[in-house]
Amino acid sequence: MSAPARVRLTYREALREAIRQALIADERVFLMGEDVGAYGGCFGVSKGLLEEFGEQRIRDTPLSESAFVGAGIGAAMGGMRPIVEVMTVNFCLLALDQIMNNAATIMHMSGGQFPIPLVIRMTTGAGRQVAAQHSHSLEGWLAHIPGLKLLAPASLADARGMLAPALADPNPVLIFEHGGLYNLEGELDADPGAVDIEHAAIVRPGVEVTLIAYGGTVRVAIAAAEELAGAGVQAEVIDLRVLRPLDDRTLLESVSRTHRAVVVDEGWRSGSLAAEISARIMERAFFELDAPVQRVCSAEVPMPYARQLEQAALPQPETVAAAARRALGIDG
Amino acid sequence: MSAAGRLAEADGRHLLHQMLRVRRFEERCVELYSATKIRGFLHLYIGEEAVAAGTMEAIGPKDTVVSTYREHGHALLRGVSAASIMAEMYGRVEGCSRGRGGSMHLFDAGTRFYGGNAIVGGGLPLAIGLALADKLRGLNRLTACFFGDGAVAEGEFHETMNLAALWQLPVLFLCENNLYAMGTELARHESQTDLALKASSYQMTAWSVDGMDVLSVREAARRAASEVRDGGRPCFLDLRTYRFRAHSMYDPELYRSKAEVERWRSHDPIPALTAQLQDAGLIDDAGVQQIERSVADEIDQAIAFAEAGTPEPVADLERFVYADAGKDAAR
Ligand SMILES: Cc1ncc(C[n+]2csc(CCOP(=O)(O)OP(=O)(O)O)c2C)c(N)n1
Ligand SMILES: [Mg+2]
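For the protein sequence lines, the chains are A and B, in the order given. Heads up: the first sequence runs through residues 1 to 332, numbered per the working numbering. Heads up: the second sequence runs through residues 1 to 331, numbered per the working numbering.
No lab work stands behind these hints, which were simulated from the structure alone. Some clues are possibly wrong.
Sample of chain A residues lacking proximity to chain B, with all beta carbon distances greater than 12 Å (derived) [unchecked claim]:
#1 Gly41
#2 Arg57
#3 Ala67
#4 Met77
#5 Leu93
#6 Ala312
What follows is a list of derived Cβ distance ranges for each label pair [unchecked claim]:
#7 A/Ala194 with B/Val314: 43 to 53 Å
#8 B/Tyr250 with A/Arg280: 35 to 45 Å
#9 A/Gly48 with B/Thr36: 23 to 33 Å
#10 A/Gln311 with B/Asp324: 22 to 32 Å
#11 A/Gly54 with B/Tyr250: 34 to 44 Å
#12 A/Gln311 with B/Ala3: 48 to 58 Å
#13 A/Arg326 with B/Ala315: 47 to 57 Å
#14 B/Val314 with A/Arg280: 29 to 39 Å
#15 A/Gly112 with B/Ala315: 53 to 63 Å
#16 B/Ser201 with A/Gly78: 27 to 37 Å
#17 A/Gly48 with B/His158: 55 to 65 Å
Owing to the predicted nature of the structure, the values given are computational and were not obtained by experimental measurement. Don't be surprised by glycine CBs; every beta carbon is placed ideally from N, CA and C.
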């Protein structure tokens, strides 16, 4: 048997190919959002799709986040399988009413009569000096809401693979694409199989401390693990992948082996996903811990423009490594 | 009035100077962006200068300005210094927002410039609030609110129009209708493309203006401003203009043809006004050169100021998240 064909592509292209295949596979699927068509997508994800699939299925919307997200909910209830693109998580705040009060509740309020098979994609995260209205990581806020599922593809495989199972899921699924990942490049199988959207993944095995990250902070955690390896510390890195519902089992098993945990989160510390994960570890693996759970989050400040301030506000490999050393009781 | 009389009355040379300040400033910004001195998003106003130059003639020092992320021209012509704007884009403490905001978030209390707002439509509710405060405080001044055609599709626009008219608030709504919201053409984002008609359905006076002609903009803005001031009610201008450059520095401009851009470039407000002034004998080549030199000096000095600026120490990162007790921004 010959090895499967491999292709070299970017995270952006992996997302695009996932959308293409979804459009080909199911005629109920359509993409809508601001500038997804003629412009080619704010971040270039949907470039070329308008030409290939036409205006009915690649729908440019006006700047009307509440209306088109709500329309996505309605279309899902009406038998379609919409993929709604919101340019960034900051702009989804204009649609939060629809996401929270309709998408997340109608299934329950209707006593189980109306599932919402909707996918909403959006960009998240900082690092590009676009300041305090374009840079935040609000996944933690949205992960607060029962009825929603949240995915954070941090790898090419997940960028390519998560959309199909998200569309197959009968619930509203939010997919967060970190803005710093679009140009990530690597190789994938030309015809990759399905990925699951239930489990966290151990992306680097280790034994002394578990670094838990998601989305844009996975590479930060990996860089920290490399730095720690240089000092003889073997850190395990977990990519959460699924932000709601959380895969407690993978986290708890890892922490039960390493006995130490550092949670890395680009959200603000107070009320963050990192806080939730830390609490779960404390509740369910307290006696396995050799040190308090450490958190490395964004500084509690709206994101400043100036580069040195923005970098100081974000989790960095050095701060993650330092937190791991604190957990290990190593000075310096 | 004769063309020459109109030009003289409006101080055409001054308007030319103002437009050139914006144009040349932004041309230098492009170079500085390529040189990575300026980072983040940079939205250029090139092509739309007649709107800022004309409208600012109707807005007095006591009035209030609320703007968008395409606001270098608004800030500059409002009176925020070129130096503090440039320092802001360099991310320096000497910047008008201390380097915290960048290109999209220029703020300046001293000139009542209430911000570059990068949420489309985000400034509209703020503007009626500022006007409401003036009305409640018995202050006779207006709030000028700039926004793009794209904002007209947002719920915040419609909620704001309704409240402004319902409460008779002194707001001058200045819609910079450059025919595109990023890559989406007006007719592809609005069911009713006559934006003045749309605004008038909220029971406010509204009309469309040739936004490429600075004299027309100036006259319309003055008439609208006196409607707001004397009538104590909102007014709306649909200023038809065009952006010559890409939406931002990342835009490959797949959605419009080069020919279309060229057509609009032939209506460039700056050469148009220059020719009018020359025809009327109000300026000669030397006069234009003199303006260009003074503009170049101003920008050189702004860049030198920004280059000499101070990066804010990282230890100060968490400043300005909360105001100190007793601090009141109202002026
Ligand atoms: C609420 C919101 N949605 C989307 C965006 C992304 N975005 C930035 S500018 C823009 C187009 C706005 O067009 P318009 O209002 O016409 O202003 P112009 O850029 O043409 O000056 C879009 C979609 C945003 N900043 N805010
Ligand atoms: Mg526009």
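Tested hints:
1. Gly41: With a cut-off of 12 Å, A/Gly41 comes too close to chain B, as the shortest Cβ separation is near 9 Å.
2. Arg57: 16 Å, holds
3. Ala67: 7 Å, violated
4. Met77: 21 Å, holds
5. Leu93: 8 Å, violated
6. Ala312: 4 Å, violated
7. A/Ala194 with B/Val314: 43 to 53 Å: Holds, at about 44 Å.
8. B/Tyr250 with A/Arg280: 35 to 45 Å: Given range 35 to 45 Å: holds, Cβ gap about 39 Å.
9. A/Gly48 with B/Thr36: 23 to 33 Å: 30 Å, holds
10. A/Gln311 with B/Asp324: 22 to 32 Å: Because 27 Å falls inside the window, the suggested range holds.
11. A/Gly54 with B/Tyr250: 34 to 44 Å: 26 Å, violated
12. A/Gln311 with B/Ala3: 48 to 58 Å: 55 Å, holds
13. A/Arg326 with B/Ala315: 47 to 57 Å: Taking Cβ atoms as reference, A/Arg326 and B/Ala315 lie about 21 Å apart, which means the hint is violated.
14. B/Val314 with A/Arg280: 29 to 39 Å: 32 Å, holds
15. A/Gly112 with B/Ala315: 53 to 63 Å: 54 Å, holds
16. B/Ser201 with A/Gly78: 27 to 37 Å: 30 Å, holds
17. A/Gly48 with B/His158: 55 to 65 Å: 34 Å, violated
Checked against the numbered hints listed earlier, the structure breaks hints 1, 3, 5, 6, 11, 13 and 17; every other hint is satisfied.
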